[in-house]
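Visitor: Sequence:
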Amino acid sequence: MGVNARELVLDMLLSLEREEDYSHRLIKAVLDKYDYLESREKAFIKRLTEGTLERGLELDYYLNHYSSLPVDKMRPLIRCLMRMSVYQLVYMDAVPDSAVCDEACKLAARRGFGKLKGFVNGVLRTISRNKERLPLPDEDRDPVLYDSVKYSMPRWLVELWRREYGREITGEILEGLLRIRPVSLRFSLNVPEAERERLRALMGEMGMEAQPSPYLPWVCLVRGAEGAENLPGFREGKCTVQDISSVLAVKAAGIRETDFVVDVCAAPGGKSILACEMAGKGRVLARDLSEEKIARIRENGARMKAGNIEIQAFDGTRTDESLLGKADVVLLDVPCSGLGVMGKKRDIKYRIKPENLESLQALQRQIARASAGYVKPGGTLLYSTCTIHSKENQAMVRFLTEELDFEPVSLKEVLPESILEGKRRTALRMRESGTMPAVPLTEAQEAACIQLLPGILEADGFFMARFRRKS
0 MGVNARELVL DMLLSLEREE DYSHRLIKAV LDKYDYLESR EKAFIKRLTE
50 GTLERGLELD YYLNHYSSLP VDKMRPLIRC LMRMSVYQLV YMDAVPDSAV
100 CDEACKLAAR RGFGKLKGFV NGVLRTISRN KERLPLPDED RDPVLYDSVK
150 YSMPRWLVEL WRREYGREIT GEILEGLLRI RPVSLRFSLN VPEAERERLR
200 ALMGEMGMEA QPSPYLPWVC LVRGAEGAEN LPGFREGKCT VQDISSVLAV
250 KAAGIRETDF VVDVCAAPGG KSILACEMAG KGRVLARDLS EEKIARIREN
300 GARMKAGNIE IQAFDGTRTD ESLLGKADVV LLDVPCSGLG VMGKKRDIKY
350 RIKPENLESL QALQRQIARA SAGYVKPGGT LLYSTCTIHS KENQAMVRFL
400 TEELDFEPVS LKEVLPESIL EGKRRTALRM RESGTMPAVP LTEAQEAACI
450 QLLPGILEAD GFFMARFRRK S
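Residue numbering for the sequence shown follows numbering that gives the first Met the number 0, beginning at 0 and increasing consecutively.
FYI, nobody ran anything at the bench for these hints, they're computed from the structure. Fair warning: there could be bad hints in the mix.
Stated by the list, open to error - Calculated pairs, EDC-like style, for lysine to aspartate or glutamate (alpha carbon to alpha carbon, straight line, at most 16 Å): (1) K149 with E138; (2) K344 with D137; (3) K422 with D404; (4) K32 with E16; (5) K72 with E16; (6) K344 with E19; (7) K292 with D319; (8) K325 with D346; (9) K422 with E19; (10) K27 with D346; (11) K45 with E309; (12) K375 with D319; (13) K348 with E138; (14) K390 with D319; (15) K390 with D346; (16) K116 with D101; (17) K348 with D139; (18) K343 with D20; (19) K375 with E354.
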């Protein structure tokens, strides 16, 4: 009996609703398990699962408008089935509406809900008839609710970003998080330019579109890729998947050839491996909390032929006395709310709650206190997160400079001018709109950090700040 693609999607959505795994890991595991499926069918499964998650709040709004039974009162299986079916009706034009409705009814019956076939069919066909004029909240009456539904983002996050960035920039962030972005591929620094060109040409011959990043020549953006393993040069360790934001964070640390670098929260190892390439005559100590995370660093390090790396399991909230005053550079990419990477990890926005943020801030400060002493006098600490939240970012700049023994160091000499220009333009727009910084910084503190915003720059939402330990 063949695999039913929609049933696979339904089971994944049910698993994710129960928070049994994260979407990016579960989707990869399922596609790996059914690797024998045709590319077209795997692409359908991936898009339907990701799209249903990404547009969840919007889909629920439509369902609540046309259904006599509210979404939160539906049985979990029917709720997931209705969401994925509405996503197909609204966003997947290649699928006939009649097929969507028929398949949903068959799937409901096959999973023991045959009595609800009439309900399923009635609601879906009503939405199908009205899909060119689906309702949205009144933008003038409640602009926050309007943005929340239109961009399928929890209301509290829309409010948070509006306070921090103003309405216009928040709209661009929300649009940026929904935009389909290419795979960010970093070439090894040991790969010469001619070989990079050859590999990009090979990708083109395979039907992909590979363009150099506007920020760094050894990072390229690839569209049309079907799994990193199939990219030319990937298995040979000539390239790796790493967002430009993560690459820029390592570049911002100003690592020299003979440096000893400690990466405190290193998994999956992208920053550590790039640090190895920069510190070719030095060494890198990469650590993370669990053996599972350590295994991922080892796997990536072996493939990228990182010979000058030592990988250890270690709890970043503890201090290793043997490392005190030893490191030239400490990379401190701490656990965070992940609000900047919701375009890739689509279930984050439903799992993270306002109350979670305070405990994360406490954890970040605990790790910073435990690790700060590793930096030798005059050495560098590079703090980073993949979030867009001032209390996890700019507030940590103040903490590191006012409560620990560090001074801010300008990013001007280590980051591309195009990135810094984007920062200046965003600051100017905020001033013009009357939006004050959520966490005020001194001029020196401000020069030492940057918040990358999706929709504003071609990158994930990411924050980085550079410091020097006082002598």
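Visitor: Work down the list of hints and note, for each, if the structure agrees.
Guide: Results for each hint:
Using a Cα cut-off of 16 Å, the hinted pair K149 and E138 holds, with the two alpha carbons roughly 10 Å apart. Note on K344 and D137: the hinted pairing is violated, with a Cα-Cα distance of about 29 Å set against a maximum of 16 Å. Of the pairs offered as hints, the one joining K422 and D404 is violated, with about 27 Å between alpha carbons and a cut-off of 16 Å exceeded. Restraint check for K32 and E16: the C-alpha separation of about 21 Å exceeds 16 Å, so the hint is violated.
For the proposed pair K72 and E16, the alpha carbon gap of about 14 Å is at most 16 Å, so the pair holds. The hinted pair formed by K344 and E19 meets the criterion: a straight-line CA distance of about 14 Å does not exceed 16 Å. Straight-line distance between C-alpha atoms of K292 and D319 comes to about 19 Å, which puts the hinted pair past the 16 Å bound. For the suggested pair K325 and D346, the alpha carbons sit about 39 Å apart, so the restraint of at most 16 Å is broken.
Our distance criterion of 16 Å between C-alpha atoms is broken by K422 and E19, whose separation comes to about 38 Å. For the hint pairing K27 with D346, the CA-to-CA distance comes to about 15 Å; that is within 16 Å, so the pair holds. Among the hinted pairs, K45 with E309 is inconsistent with the structure: their alpha-carbon atoms are about 36 Å apart, more than 16 Å. At roughly 14 Å between alpha-carbon atoms, K375 and D319 fall within 16 Å of each other, so this suggested pair holds.
Proposed proximity of K348 and E138 is contradicted: the alpha carbons are some 22 Å apart, above 16 Å. Between K390 and D319, the direct Cα distance comes to roughly 27 Å. Violation of the 16 Å bound is thereby established for this hinted pair. About 22 Å separates the Cα atoms of K390 and D346, which puts this hinted pair outside 16 Å; it is violated. Annotation: proposed proximity of K116 to D101 holds, straight-line Cα distance about 9 Å (limit 16 Å).
As the CA atoms of K348 and D139 are separated by approximately 25 Å, the hinted pair breaks the 16 Å bound. Of the supplied pair hints, the one linking K343 and D20 holds, its CA atoms being roughly 15 Å apart against a limit of 16 Å. The hinted pair formed by K375 and E354 fails the criterion: a straight-line CA distance of about 36 Å is larger than 16 Å.
Going down the numbered hints, you'll see the structure goes against 2, 3, 4, 7, 8, 9, 11, 13, 14, 15, 17 and 19, while the others check out.
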